[in-house]
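Protein chains: 4
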Amino acid sequence: MKRLKVGIFGGSGYGGSELLRILLFHPQAEVALVTANEHAGKPVGAVHRNLLGLTELSFTRAPEEFESLADLDFVFLALPHGQAMEIVPRLPESVRAIDLSGDFRLRRREEFEKHYGREHTAPELQSAFVYGLTETNREQIREARFISNPGCFATATLLGLAPLAAEGVLSGRVIVDAKTGSSGSGAKAAANTHHPQRMNSFYAYKPFTHQHVPEIEQALRAVGDWTSELVFMTHSLPVARGIFASIYAETTGEMTVEDVRRLFTRFYRDAFFVRLVEGSPDINWVKTTNFCDIGFAARGRQLVVFSALDNLVKGAAGQAVQNMNLMAGLDEKTGLILAGTNP
Amino acid sequence: MKRLKVGIFGGSGYGGSELLRILLFHPQAEVALVTANEHAGKPVGAVHRNLLGLTELSFTRAPEEFESLADLDFVFLALPHGQAMEIVPRLPESVRAIDLSGDFRLRRREEFEKHYGREHTAPELQSAFVYGLTETNREQIREARFISNPGCFATATLLGLAPLAAEGVLSGRVIVDAKTGSSGSGAKAAANTHHPQRMNSFYAYKPFTHQHVPEIEQALRAVGDWTSELVFMTHSLPVARGIFASIYAETTGEMTVEDVRRLFTRFYRDAFFVRLVEGSPDINWVKTTNFCDIGFAARGRQLVVFSALDNLVKGAAGQAVQNMNLMAGLDEKTGLILAGTNP
Amino acid sequence: MKRLKVGIFGGSGYGGSELLRILLFHPQAEVALVTANEHAGKPVGAVHRNLLGLTELSFTRAPEEFESLADLDFVFLALPHGQAMEIVPRLPESVRAIDLSGDFRLRRREEFEKHYGREHTAPELQSAFVYGLTETNREQIREARFISNPGCFATATLLGLAPLAAEGVLSGRVIVDAKTGSSGSGAKAAANTHHPQRMNSFYAYKPFTHQHVPEIEQALRAVGDWTSELVFMTHSLPVARGIFASIYAETTGEMTVEDVRRLFTRFYRDAFFVRLVEGSPDINWVKTTNFCDIGFAARGRQLVVFSALDNLVKGAAGQAVQNMNLMAGLDEKTGLILAGTNP
Amino acid sequence: MKRLKVGIFGGSGYGGSELLRILLFHPQAEVALVTANEHAGKPVGAVHRNLLGLTELSFTRAPEEFESLADLDFVFLALPHGQAMEIVPRLPESVRAIDLSGDFRLRRREEFEKHYGREHTAPELQSAFVYGLTETNREQIREARFISNPGCFATATLLGLAPLAAEGVLSGRVIVDAKTGSSGSGAKAAANTHHPQRMNSFYAYKPFTHQHVPEIEQALRAVGDWTSELVFMTHSLPVARGIFASIYAETTGEMTVEDVRRLFTRFYRDAFFVRLVEGSPDINWVKTTNFCDIGFAARGRQLVVFSALDNLVKGAAGQAVQNMNLMAGLDEKTGLILAGTNP
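Residue numbers (the working numbering), protein chains in the order written: chain A, 42 to 384; chain B, 42 to 384; chain C, 42 to 384; chain D, 42 to 384.
Do not take every clue at face value.
One copy or two, it doesn't matter: identical chains are merged, so the pair holds either way.
[To be verified] Derived pair list, reagent style DSS-like, types lysine-lysine, alpha-carbon separation capped at 27 Å:
id	residue 1	residue 2
1	K247	K83
2	K374	K43
3	K374	K83
4	K155	K247
5	K155	K229
6	K83	K46
7	K247	K229
8	K46	K374
Calculated directly from the structure, the hints in this document are not laboratory data.
The model shown is predicted, which means the values in this text are computed figures rather than measured ones.
The following block holds chain A by itself, in its conformation from the complex (with noise of 0.2 Å):
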C-alpha cells in the first residue's frame, strides 16, 4: 500500500506536536506537509527537541492557495478554534480533513455561536462532518470525508457515560467532576500555568459554562435515549497531562460493580483502547498512551465511573489519527502502540 500523504496545519502547539510524535512514526503515513506560520523555515527538531534527530522535517507557513494540496491524503487541522472553518471549505476535493479544534463539533449553529463566542463562516459544512467519538461512531468515520475530533474533556465523559446511556440505564442528573493537566491550556505561556503557582494548585473554572457541555449533551443523545440533566465541572491539576473524570450516575435500578464492568465489557468489546481496570483508573498509567482507562464504583443506585486518559492523545491527536486510520481502512490501532511507562 502507498503510504498516506498527510499535512498539518498547526504543528506548533501541543495538539500539532503529538501528531508529529505518532504520524512520523506511522508505518502508513508520511507527514508531507506541517505549518506554523511564526516557526516557518525553522526544523521540526529545533521547535520540539523531543523530535530532535528524528525527523529532517521544517515548519512551513500555511499556503496561499490550497491546490498544491491536492495530492494530500489527510490534512489535520489542530488550530484555534474559529480557523479550521475558514480552511475547510478551500480544501480540494480529494483531501479529507480532521478537526481538533471546536470549529464543527456542534451541530446547532447558536449553540457553536454561544459557546464559541464567534460567528461560524461555514455552517453549511457542518453535516459533511462526523463526530469523531471512534468507540462509538466507527461505521460512519470511515465513510467520512470530514471529522470533528471531540473535546478532551468530551472524550473522558463520554467514554464513561456512553454505555449507560446506550443502554437506558441512567436516571435523574449526572454530576461529571472532571480534572485537567496544565497542557490543557496549550503550549503559550499564561497566568494559569504559572509554574510558581500551578504546581501547588487546584482549583474548579469555567462552571456550567464549558464548551463541552452541549458538545458531550449532542453526542450523548446520539448513542442512547438521553434526558438527564448533566452537571459538569471542570478543574485545574498540577500535572502536565491528563484528564481524570468522576462521573456520578443514578441507575435505574440496582446495579452492583459487576453488573455495570458486563455492560462496559460488552459495549467496548471491539475497542482496544478502553481499558476496563480494576478500582481506580490512574492518569499515571495512560499518560502519553491512547488508552482511557475506566473503571467503577457502585452502592445501590448510586454509581460513579471513572475515566482517565492523556488530553494531548485520546483526548486529541491519538484519536485524531485512529480515526484517520479508520477512514483510510487501516486497523485503527495502526500507529498508536504508544506504550506508557513506569514510572
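Go by the hints and put chains B, C and D onto chain A.
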C-alpha cells in the same frame, strides 16, 4: 496570664510537626512535652529540620505513668487511630485533651468499630467528647474537657455544607468529590506516596467507604435536619498539602450565587478562618494556613460549593489549636495568623 | 517605640509579595504605602490571595511627586532593574531606602552597564549605598541610608564562600554550580516557567555571564584577599522556591569537615539565620524562611560547600527586612521568625 | 531472521519495567521469561499498569535450575547489586547476558568490595565482561558474551568526558556536579522518595563516595590518558526521570564552544543517540528516550559540558538493549526509536 503548659503525644508525624510549628510560637502556650518513641532523646530540630535553630526541645518517650502530666493544661494526641482511647482514660483529671485521631469522633460505637476496624476500649468516654468543628460548635467547645478534632476531609466538607443544612435548603442526594494532597497519607513512606509515581498521578480511592462519611453525616445531623443521601468520593492529588472538595447539591428552590453567598456570610459572620471567595478557591492560597476558602457556582437549583483548606492546618493541627484557644478563654485566632505565601 | 512607617514600591511581584507577608506582621513596622501601577486601587488580598482577610491595604500608583513620602521611615524598592535609579535621587532626605534590584549593587559603573545592558542614570549615588549582605556587613548597614540588597544567587554563594575568603584558605579557581526555583523568574508568566515544560525540566542558563558574577567577586574582594578565578553556572529547578549552590573549592592545605565547620562556626557565631547542618542542606527545609543552611564535604584539599536558601526570603525580601531591622536599631530577627514547614 | 529469545531477571523494578517497555515492542526480540519473585503468577500488566492490554506475559519465579534457560539467546539481569554474581556463573554456555547492576563493572575486586560493601563471589568472571558504554566500546561489545551495563551517572558523565579524555585536552581536576530524578532510587518507597518531602527538595548525597566514581575513572583510563583528579558530587532532583551532569574541566589550551563541538562531532560521528545541542540540554527533552543530549559553555581554558539523559533508558534499559542489538548483529537503533514527548 500564665502560659498554658501543653504536651504533644505523637510529635514525629505531620500532625505533630504542625502542632509544633504552631505551638512553639504561640504567645500564650509553652510546649512542655513532646513524645516520639522512635526519636526519643533527639532534638526536635533534628527530625523536623524546618525547626532547627528555633527550639531547644527534644523528643521523649511517652511516659510510663501519667501523674507527671498533672501540671499540663492541655494534651494534644496526634497518634495513629487506636492509641488515644488507651491514653485518655489515664489522663489526670486536671488535664484537658484534644484528640486529632478518629478515636472519639463517632458517637455510635458500632460505627466506630465498622469504619476503624477495631474494638473501642473506652466507649464510656465518648460522651465526654465534643466534636471540634470550631465554626459550628464554639459554645460547646469552650466548656469541653475533651475534644475530638475533625478529620481533614470532614472539615472541608462540613464547612461547605453546614450553612445549607442549617438553613434546611438541601434536597435530594449530595455528592462530594474530594481530593487530598500526599501529606494526608502521613509522614511514613508508602507505595501510594512514592515520588516517581505520585508526581504524575490522580486517582480515586476508598469509594463509598471512607471513614469520614459517618463523621460528616453525624455532624450534619447535629447542625440541621440532614436527610440527604451522601455520596462521598476521595481522590489523591500530586501536591504535598491541600484538600479541595467540590460539593454538588440541589436546593429546595432556585438560588443564585449571591443568595448562597448571603446565606454563608450570615452563617460565618464570626468565622475569621472561613473566607468566602469570588469564583473558585485554590489550595495554593490556603496552603500552610488555618483558612478554609469557600466559593460557589449555581444554576437553577443546582448548587456547587467549592471548599479548600490545608489538610494539616485547618484540617488538623490548626483547628486543634483553635479549639484549645477557645477552651482556654483566648481569642480563637491566637497563634494562628499563619500567613500563606505567594507563590 | 513608634512603629516604623514603611513604603513598598513594586508590590505586585514576588519580591513585593514577600515584603508584604513579612512587614504586615512585623511588630515594629507599619506598611503605609504599597504601589503597583497595574493593580492600583485593588485590595492587596485580591492580588496576593494568600493575604486575603489579613490586611485592609490597597495598592496605589507610584506617587507623582515624592514630598508625600517624607513621613516614611523606610522605602523598599522591589522593582525591575533600572527603576530604582530613577526613584532614589528623588527621595526626601529623611527617608532611608533598601533596593532589591541590581541598580546599586556594582561599584563600577562600567560593570553595571555591561551586565545590566543599560546606562546608569544615578552613578553619583553609588557610593552612598552599602551592600546588604547582612552577615558580613552589619556595622556598615546599621549606619547606612541606602542599602543595595544582594541578589539571590549572590547571597547563597557569598554565605558559602565568605568565611573561606576571609580566612584566606582558598587556592585556585572556585566553581559554583547554582540552581534556582521558578519563582526566581518573577511573577509574570513566561516560556521558561510554563508549567507543562518546567515541571519536568532541569537545564543550565546564562553560562559565565550571569549578572551576579561581578557582584560576588566584588563582595569577596571586600571580605578578604580574593584572587581566585570564579566559574559560576546557573541552572533551573522544577520547584517554586529555593536556591541551592554547590561550591567547589581547593584549600591551601588539607582540611577536614570538622576544620571547616569550626571556621564557619566562628565566622557565623552571631548569625542566627545561618544554620550549619550535618551533611547536605535541602531547600525543602529553608523554603519560606529567612535561613541559609550550609553543609560541607571534604577530601584532602578538595572542599565542597553546599548552601541552600529561599530565593524570595533570605535571597530577597527577608534579608531586606533584616537590613531594615539593623538600620532601625532593632534586633535583626524582628519579624523574621518565619518557621518553615514539614512537609 | 529468527527473533531473539530474551529473559529478564528482576522484572518488577524500574529497570525491568523499562526493559519490558522496550523489548515487548522490539521487532527482533521476544520476551520468553520475566521473573519477579514477589509477583510470580501475576500478569505483567497488573504490576506495570502502563502495559495493561499490551502483553499477555506473566511474571514467574526465578528458575531453580538453569538448564531450562538454554534456549534463550539473551538474559538481562535487572536485579539489586549482588545477585548477578550468583546467577551469571550458572548460565548455560549458549546464553549471553547483560547485567544492569554494579556487580561486574569494576575490574579490581578490591574496588568492588570497597564500594559495594560485599564480597565478590565470582571474580574469575570479571574478565569475561565488557563494559557496555556503547558509544566508546562498540567493537568489543559486538564480540562480548557478557556485558556490564554502565551506571546512570557514569553514562551521563562519561559521554560528556570521553571525547575530551580521548583527545588528551584535559588539564587539572575535573568537577562533576550530577543530579538525578527520584526513579534512580528504585521502585520501592523510601524516606528520600516520600512525595510530600521530595516534591520540594534538592540536596546532595554520598559526597565523594558514590560507587560510580571508580567506574568513571576506570572507563576514562580505558578511553585516553586520564590523570585528572575527579570530584564527583551527586544530588537529588524533584522529577521522576532524568540525569543532568554539569562537568567542569580545564583544557590544556583555550578552546571555543565551536572547537569543542567539532571535537565532539568527530568523536560521536556514528553515535545516533548522542545529540549535540545548542546551549544547554534539558532533561525534559530526553525523558523516556535513549538519547543523551550534550551542550557546552567555554571561556578561555574553562570548559563546561552539560550532559542530560533518562536514567532508566540511556542510563539503564535502553543502553542495555542497544548493547544487545550490537551483540546480535542488529542495527543498534533497533527497537530504540522511543520518541520523547512535548510536553
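### Homomeric proximity label, K374 with K83: Cα distance no greater than 27 Å
The answer is between: 26 Å across copies meets 27 Å, while 31 Å in one copy does not.
### Query
Which holds for K155 with K229 at a C-alpha limit of 27 Å: within a copy, between copies, both or neither?
within (25 Å within a copy, 31 Å between copies)
### Intra- versus inter-subunit Cα pairing at 27 Å for K247 with K229
Both: 20 Å inside a chain and 23 Å across chains, each within 27 Å.
### Intra- versus inter-subunit Cα pairing at 27 Å for K155 with K247
Classified as within; 14 Å inside a copy, 40 Å across copies.
### Query
Are the CA atoms of K247 and K83 at most 27 Å apart within a copy, between copies, both, or neither?
between (36 Å within a copy, 23 Å between copies)
### K46 and K374: within-copy, between-copy, both or neither at 27 Å Cα
both (18 Å within a copy, 26 Å between copies)
### Query
Are the CA atoms of K374 and K43 at most 27 Å apart within a copy, between copies, both, or neither?
both (18 Å within a copy, 25 Å between copies)
### Task
With 27 Å as the alpha-carbon cut-off, assign the pair K83 and K46 to within, between, both or neither.
within (21 Å within a copy, 43 Å between copies)
Going down the numbered hints, you'll see the structure goes against none, and every one checks out.
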